[in-house]
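Engineer: Start from the sequences, fold in the hints, and give me the full structure.
There are 2 protein chains.
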Amino acid sequence: MSYDKSLIKELEHRAAKIRLLSLQTTAEAGSGHPTSCCSCADILSALFFKVMRYDPKNPASDLNDRFILSKGHAAPALYAAWSEAGYLEEKELFTLRKMGSRIEGHPMPSLPFVDIATGSLGQGLAVGVGIAVQQKKVVKNSSRTFVLMGDGEAAEGSVWEAFSLAANLNLDNLIAIIDVNRLGQSRETMHGHDIQVYARKAKAFGWEAIVVDDGHDLNQVLEALERAVKVNGKPVCVIAKTLKGGGLPQIADKDNWHGKPIMPGQGLEEAVQEVSKHIMQAPPAPVIAKPESVSFKKITGPINNVEPAPYKKGEKVATRQAVAPALLNLGKSDSRVWVIDGDTQNSTYSQKFGEQYPERFVECFIAEQNMAGVSAGLASRGLIPFAVTFGAFLARAFDQIRMAALSGLGVKFIGTHAGISIGEDGASQMALEDLASFATLPNGAVLYPSDAVSAYNCIVTLAKHNGPGYVRLSRPASEVIYNSNEEFPLGDLKVVKESSSPAITIVTAGVIVHEVLKALKNVAAADKIQVVDLYCVKPFPKDRLTELVKASGGKIVVFEEHSPNGGIGAETARNLAGAITSFKHFAVDSVPRSGTPDELLSSFGLSAEKISETLNSLL
Amino acid sequence: MSYDKSLIKELEHRAAKIRLLSLQTTAEAGSGHPTSCCSCADILSALFFKVMRYDPKNPASDLNDRFILSKGHAAPALYAAWSEAGYLEEKELFTLRKMGSRIEGHPMPSLPFVDIATGSLGQGLAVGVGIAVQQKKVVKNSSRTFVLMGDGEAAEGSVWEAFSLAANLNLDNLIAIIDVNRLGQSRETMHGHDIQVYARKAKAFGWEAIVVDDGHDLNQVLEALERAVKVNGKPVCVIAKTLKGGGLPQIADKDNWHGKPIMPGQGLEEAVQEVSKHIMQAPPAPVIAKPESVSFKKITGPINNVEPAPYKKGEKVATRQAVAPALLNLGKSDSRVWVIDGDTQNSTYSQKFGEQYPERFVECFIAEQNMAGVSAGLASRGLIPFAVTFGAFLARAFDQIRMAALSGLGVKFIGTHAGISIGEDGASQMALEDLASFATLPNGAVLYPSDAVSAYNCIVTLAKHNGPGYVRLSRPASEVIYNSNEEFPLGDLKVVKESSSPAITIVTAGVIVHEVLKALKNVAAADKIQVVDLYCVKPFPKDRLTELVKASGGKIVVFEEHSPNGGIGAETARNLAGAITSFKHFAVDSVPRSGTPDELLSSFGLSAEKISETLNSLL
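These protein sequence lines map, in sequence, to chains Z and C.
So the first sequence is numbered by our numbering: it starts at 1 and just counts up by one.
So the second sequence is numbered by our numbering: it starts at 1001 and just counts up by one.
Hints listed in this document are in silico derivations from the structure and should not be mistaken for laboratory results.
Quick caveat, the model's predicted, so the values are computed rather than measured.
Cβ atoms here follow ideal geometry from the backbone N, Cα and C, with glycine treated the same way.
There may be inaccurate statements among the hints.
In silico PhoX-like pairs for lysine-lysine, Cα to Cα no more than 20 Å straight-line [as the list claims (entries may be wrong)]:
1) Z:Lys203 <-> C:Lys1203
2) C:Lys1584 <-> Z:Lys542
3) Z:Lys584 <-> C:Lys1542
4) Z:Lys550 <-> C:Lys1584
Take a look, some chain Z residues computed to stay more than 12 Å from chain C by CB distance [claimed, not checked]:
5) Pro112
6) Ala252
7) Lys297
8) Glu609
Structural biologist: Next up, the structure:
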């Protein structure tokens, strides 16, 4: 097929501008990836100035086609495209990589056209799945999501999780483009320039695949993209053979040009001259297709009017069971609440939500990276997704969780079956590192309730938190110890056993709270012990706990079913350092085995019996 | 094809025994996954009693075909197979899931036939890739590696990373078997009983694919497996359609039987009766093919005679540059040392090793889960693999790292480009959570050197450590401050600035050591400050640091380029709680941006200038 020559000439001009600005801004910055920008310059030109429908004055709009640069190191090309589209001024592009600029080394969502921070490769497609789902289920216009990937990142398994799920969900509004420039960072990629192998993989995963023999020929690129957006019933992958440094004859397809600016006196002048050949003296203003306008009203603001927890003091309920009513009632109060499963919905009790609100429930099957990526995509569009699985398996998605948090997205995670109290299934199923991981997330909330009421309310608290976070839940049934109207705000704690003259403050959480309360019945000097339920690990209730601990002369004993590193003991010690005079810490400090919950708790000094022995020896 | 009837009858007997023991032991335990055992009983029978070549008296032997049960929840079937093979006594099987037993809920390497703990799904194949590589490159006999996967876990991206790499390495000694029993934990899998879709995926990923229409027909299963082991030049995937609970007509292929024992009075008797129909009264002793014997001598014991670090005091060298000589010299001293790359070898300096020892270098491309899985496979066979990439990207493999550590495997990780001092590339490339993650590993070592000499020696120390571990390295060049013969043992620290009357102890590490030393030149009361280079974060040098801190009246200031959670500040506070009277902590407590290293360090109070301001205000 052949397009109108003036159109192609204009798109060549835009591609040349993208190349030129990528070259100049990285040279100005003294670092960056201009060759990775040049391989996708023509693809970006075709997308931004012919195929995509968006409002360049309102890049954040849900009505727009969305674009994700999964190969985040080509950020300068993205910035250049938005400058050509009229949203950014060229001079701002020259603040690339400078302190304080939003024109960062890799795309960050401080720019309204960036939905997710990219730069850890292979993550964009799952995020695109989440956004494409939001377009179909929430916006309901004809908008599409385009994800531009590098060929190198197609080696990441996360990419194939997303391929699987997108086909399973029939997301024909999702278009992935693989920029096959052959060269990774250190060497040729696994498949080099064999674009057919990517096509075979995509087809086997249920996608339509369209190959482009020359990804620098705008006729070919445009034809492929225009075919792609017309496909119905399945997602489409466009696989374009390109050259790293395409358009720069001195450098194109050569080794050792990854992640290097082309500096003045070292090729920049020649490259600029070459690229400038395609620049029009008087280019027409870009004609950008408008998105379809629909009566879509975006919900904002906090979640309100959530029903109280449906539990009474004295009942025996596992904290994980509170997932069902908490998510159901949140979903009833606010249609932004979604639930993402990884084939554990019957154990995590997220199943009920899926039955009640199937249109807001995404089954990711056994693919935790997808769970996190899809959740990030939904959150980037203002929804409130809860990804729920065993706490142990969230470790599988930690890089995605990290990137979502760096993006400032309010993705919520619930991890069930935490700690050794799961018993017989053994170490592989026990989350023992989850608090350490989640506590590192900037602006993250980490909640660790001890009964069904606090579990319910912690989930509600997390839903209302404007940021990422985690609720850690347990398998065994525990007694409900709080009134259903008790609130569990961030940054606080509960004193579950007071003492008028405390000699020791016990800090604990989760099921161990109950072991401690039981233990106290066999402690002679129990009246000298106060017990803190540290349901909020982050933000840490520093002032309140400091005050309590001072009252006990700075003496603390911590009991927790987590690694000694990075859990409630570590956070207590760090936040109260200076106020502590004595610190005893019982945690899971070696590899646990299969056994009954009681046997396991006992083997780490965390059973009621062992706790009472410890306390009697201390007092 | 039709096999000898007596052979099939015997294999049906073995399959029946596997079913019977799986039913009985899970009923005895009161928990477990008998239906998942039954779907693969016939496959296990064919493998263990006809196809595989191994010495049942020496299950750990490198000469054996190796077997990995990636679907670890079918552990009782694995135990039953080894009991039928004569290695385990049946009565031990009845200790399943009981405290102290090695017959755990999911397979653990305390059993010599278990190379890797499984139970977090989708991890077995990458480990199998590592073992298959060891067989080809080290053992050099005709041994094969068999990996039995569930269909549900084929949704995990890690599986497809391993598929890619195995084909790239032409591992025709690797046979994956997918037990397509249709049912996941909570619902039907994505592809149900469509075995052809798995075949298409496997073929697109460069594998031979063989489908088995009835995975309970031993003629079909045997024929497929015998075809599989004859394929040359590429790995083979056998895809068998089975029924969850296959062989138990009352339960087979029914929902809601995942992870549930069939208890007496609730179907056990009928199931046992059904299964027992295939049990022979006088079965022949199993005839197990012997592995090919080769003159393979396994190296054991510590690494010796590593050359000293090739650096002189005063040189300016980035700690990451020490990767090249350290790995080269380790590789020269001991052929067990391998290096695993994820397409960052030119930035991490692991490239030199690959040039010198290409046969001990595995390029995983951009697939960090593969890096960890392959490393675990190599380590399970007694090798000493170093997986080297940017510290930030190791977050991608944290679940695999966790499982390798639970397995007690000595997998070594090196993470470069840690912290904000990488500068312009921005937050996505900055490891800020790595210390928190790695410190949770049982028996793990976590090292964080400050100059090229300590980096070199920390890598050597980690190589000699009998367990997993991590070395955190930095991008910027720093002055060499240690003599090349200085030792850096686990569990110690260095005092880089002494004070005869200390009022403050500074605890720091990595590039911040140099910022602190520079800062002291502008601190009036510098003589009252002692500075600790905490190069070993785990095991923590508790006694020595306590003594030092007591000398400074318990006053500590920590400077680190890591999240405040779980890093050296948190570990210092936890280990020294009670000995600390004052604790100031400067860390990376919000999302960093692009900027120069100096600007970034300054923005978090970690530059020499800011540090001297802080210290002057304190003294």
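Engineer: Taking the earlier hints as the rules, which of them does this structure contradict?
Structural biologist: Of the numbered hints, all hold.
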